[in-house]
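Undergrad: Using the sequences and the accompanying hints, generate a full structural model.
Going down the list, the sequences are from chains X and P.
The first sequence begins at 143 in this note's numbering and counts up one residue at a time.
The second sequence begins at 143 in this note's numbering and counts up one residue at a time.
Warning: the hint list may mix true and false statements.
No copy is singled out in the list; a pair is fine if it fits within one copy or between any two copies.
Derived DMTMM-like pairs (lysine to aspartate or glutamate); straight-line CA-CA distance at most 20 Å [stated by the list, open to error]:
hint	residue 1	residue 2
1	166	511
2	663	636
3	729	742
4	729	709
Note that these hints are calculated values from the structure, not bench results.
Since the structure is predicted, the reported quantities are computational estimates derived from the model, not experimental observations.
Protein chains: 2
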Amino acid sequence: MLLKRWLVGDPLKTAQAAHERLSKTLALAIFSSNAISSVAYATEEILLVLILAGSAAVSWSIPVSIAILILTLILTISYRQIIYEYPAGGGAYIVARSNLGELPALIAAGALMIDYILTVAVSVAAGIAALTSAVPVLFPHREALGLTAILFIIVMNLRGVRESGKFFAVPTYFAIGALGLMVILGTIQSLIGPGAVPVAPPITAGQDGLDGVTLFLVLRAFAAGCSAVTGMEVISNGVQAFREPESKNAATTMIWMSTILAALFMGISWMAYHYGILAKADETVVSQLARLTFGSGAIYYAVQISTMLLLVLAANSAFAGFPHLSSILARDGYMPHQMASFGDRLVFSNGIFILGFFACLLLVIFHGDTHALIPLYAIGVFVSFTLSQAGMVKRWLVKRGLHWRKKLVVNGIGAITTGVATVIIATTKFMQGAWIVFLLVAILIMMFRGIRSHYKAVAEQVSLTRDTRPPRPRRNLVIMPIGGVNRSVVRAVDYARSRGGEIRAILVDVDKEETALVEIKWAQWGCGVPLVVLPSPYRSILGSILDYIEDLQQKDPDCWITVVIPEILPARWWQNILHNQRALLLKGALLFKDRVVLTDVPYHLTR
Amino acid sequence: MLLKRWLVGDPLKTAQAAHERLSKTLALAIFSSNAISSVAYATEEILLVLILAGSAAVSWSIPVSIAILILTLILTISYRQIIYEYPAGGGAYIVARSNLGELPALIAAGALMIDYILTVAVSVAAGIAALTSAVPVLFPHREALGLTAILFIIVMNLRGVRESGKFFAVPTYFAIGALGLMVILGTIQSLIGPGAVPVAPPITAGQDGLDGVTLFLVLRAFAAGCSAVTGMEVISNGVQAFREPESKNAATTMIWMSTILAALFMGISWMAYHYGILAKADETVVSQLARLTFGSGAIYYAVQISTMLLLVLAANSAFAGFPHLSSILARDGYMPHQMASFGDRLVFSNGIFILGFFACLLLVIFHGDTHALIPLYAIGVFVSFTLSQAGMVKRWLVKRGLHWRKKLVVNGIGAITTGVATVIIATTKFMQGAWIVFLLVAILIMMFRGIRSHYKAVAEQVSLTRDTRPPRPRRNLVIMPIGGVNRSVVRAVDYARSRGGEIRAILVDVDKEETALVEIKWAQWGCGVPLVVLPSPYRSILGSILDYIEDLQQKDPDCWITVVIPEILPARWWQNILHNQRALLLKGALLFKDRVVLTDVPYHLTR
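TA: Below you can see the structure in the form of structure tokens.
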């Protein structure tokens, strides 16, 4: 407990919840790290696809990047409308549920959950790649480094939102600054400087053994680059976390975020194209660009470290979103109720643990390799993008209101664009891993529905109707199985007598001599409680007690049976293995008997 | 439960226990498989050591084997005296405890426990080696095969002693017959046949790069060969399992066992020497001899399969011994009490599970390789041999009686011989793994003593003295935390009222509207039980309830507090994850409060 307090801080009062709101500066750090950090790998993923058609194909990276830039613009405008329309937070699940119905909402929820997990895994993997690009000696340890990073983020999140915000704001802004400086310097150099420094092998057309540039390949490159816009929905999910006026602040922050993202992404893509940078297995594209711009000195290391921090912190935005989504789902009955409860620090502790666990699992399965994880990524985000935008289209058609036609067009374009992108991603990445996501979404939907129907069945079974009359009190017989007479048993007798009613002690006769001894002792210590000695032909203490209870129940079906069990509670938890094994078996056997109620009377040992 | 019944059979009455005695024929099969099966690897282990000094050194296998033969003779005579002196079973622990005191007894017990586990691991590994010698394609799967064999033996043992005996008698006798035939035919051939068929490379003296034969090497070979006599003590531990007259039958069985063991071991050693057989990685020495004697036809396969069965069944003798030793230790307070309780089938189920688990663990750690396990083996057995014999020497000196001088000399020779062998084994095998055994024995002794002193402390704390007067009945206040009003809560109210006394329902106010609703419902369904609404500044339901209980306890220190918790019991176990998480936390928090007693009132769901 002390360790927990030290790690996560003191509990907060409800009244403090209102103060846990974020300024725009803090919110940008928390909510935008996910989207902006994507620039660290998006360009590289595009190049990795294009290189399959030879070095010449790499020039296609510019049109592909421009297509993604346009996508970013459309998403920004579309999501601003969602932010204003859903000031309480408009995640894809909420928008789909309120406009499209249950199934689309659950598809969105499932897709988002998987994508939150992938965000953590991909961001951490890419962050570690940034680190190992600068410090190659760490390359073999990237899996362990990634796990450490995730554990670190878990602890930080258990400390609560605002403290995390402060903690994360500095490195986020530092990274934006460092990458921004690199892009500005690099772009100026490329435009007015002494000219390109060729790092990659000279571009030669029509190399042998390589495919030509096909439409499919360009679409695949686009799909890979779509990882750049993942995380753009995060602000719309968390409007509630902003200071008042929530929607306006959130919308402004969204514009800032998109501008920074677009500028960095286009800059990096341009530089990579201009300097002929290609993807390498052990060094990231951004690392190569930083080396080219700043040399291998202190500034280079600053860029790498801050990129790493930005990426590792990007994982943090998922730790804000996932537990929030889980709690909304739990409130609607699609997730276990306990997911809805606040933890000590006004955060949803259960969700944090689950997200962290699965992200670690993914990181281990894919050996901390960004490129292996990317094919699974983005598809979930784009499914939820499409459902959000489609939901808004439906909303304007039904609700109408001020300027509804203009708004309809904006979200309509959004829906069509993201829909097309979703199809492209699904088609080009299906065999590389996107099928896993579809399968998992289907499983999640079945889980959501199963949980909901279970809770519904329970509610029906326990709900009180007008016909259910208050029950009459019934008889209550207390029985107390004992194996000998000691202080723990005397204490249980003491307890049972304090509540009154008919009490019987039960002794199973497994050893005649022992039984006689217990009977003598009982005469002295039993306080007049009658002792029933049960025969035991099979030497089964448990079986004899169960038979006796069944007998009692058959004789008097209107009687409660309270089984009082004297238990020895050792001073140390591991000593439990030396005690109460029989009581445990008895409890297990009695648990499913109707009208039998168990009462443990613990006797606390001090050593 | 049905599966369990099918696997282990119906429970037996106490009266049946007397009939679970073994005839000599069955006893030989159960108790001697351990000792006799050692011939499958003992010769090979000797050769593996000697070959380090070159092929010429292999001829030392004959004198080493003769030394082990003499050891077998001494052990047989010495143990017969133990069998007569301890008709109730004279394991090393019992002999040491009754003659030498606590520490030697615990050393013997620890050494024996480790050796039982090693017996299972080594025997099964060697059995699988016999199989893979005949069917080389199975060689890569030896680990999985070994684990399957252990699981099979566990199930067989849970079925009870006599049925296991029947099941095991046929293959044991078949193996003895097959190996006996091989030894007889092979020895006759070697003496009167057309002469030796050289299989090994011709013996050349003084090969380069090999050490000469040193005393240390010969002693190491002797130590390795000592694995031949492991298991000879098994009969003396289990005298009680024989039919009357127990001691006489056990002593006779011991002679049979030693004779068979000695004949097979010397025969195999002689044949290996005569035909120049050397140890191979993928074929056992016995397999090579069988191939040489019978060719590669059906008889060869019969020898291999029966050797395998004998070895796998040898593991079974440990499954008789280990739980028995554990139960004796448990009765003396050195092991958890539950180890002393009979299972359904008159066997010690707990011990069977523990032994099986650790044997599997060893098999996995050492990759099912006999040679890797052998250095750990034997040392434990010889420590217990020495302690048994030394205990008997002490006994004759103290007790004297008829022919005590003669008996003293016999056990004296036994003690000296086994003591010297122990020193040789410990010295030559120490670095190869014997140190692990010494370490584990030390840990086990600490565990034994820790458990014993814990039970002693508990007995002191719970024992009733004349001054402890029967306690006066005290007040009992029943409180019932609720979160809402439903059938499960109404049922708990019903239960609480059936026992009488003062009852209060407790509601923690986390949501004003919700609280008002619950209050209205309570007026209708609460049967007049007062509802206390607790404030909750920290939104911690648990914390508020705990504070309330502490308050009550401070106000009235002479009052029991019964906490009645309405619980929903789902129809399927995995649905528990969707319920009662809060009740679980509450129970955990209240468990260590004095004078607080928990009572669950389950409400059983049907779907």
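Undergrad: Now, for every hint given, state plainly whether the structure supports it.
TA: Verification of the supplied hints:
For a Cα distance limit of 20 Å, the shortest separation of residue 166 from residue 511 qualifies neither inside one copy, at 34 Å, nor across copies, at 65 Å. For the identical chains of this complex, residue 663 and residue 636 are intra-copy neighbours only, at 16 Å inside a copy versus 36 Å across copies, given an alpha-carbon limit of 20 Å. Proximity of residue 729 to residue 742 under the C-alpha cut-off of 20 Å is found in both arrangements, the shortest distances being 10 Å within a copy and 11 Å between copies. In this assembly of identical chains, residue 729 and residue 709 lie within 20 Å of each other by CA distance both inside one copy and across copies; the values are 12 Å within and 15 Å between.
Checked against the numbered hints above, the structure violates only hint 1.
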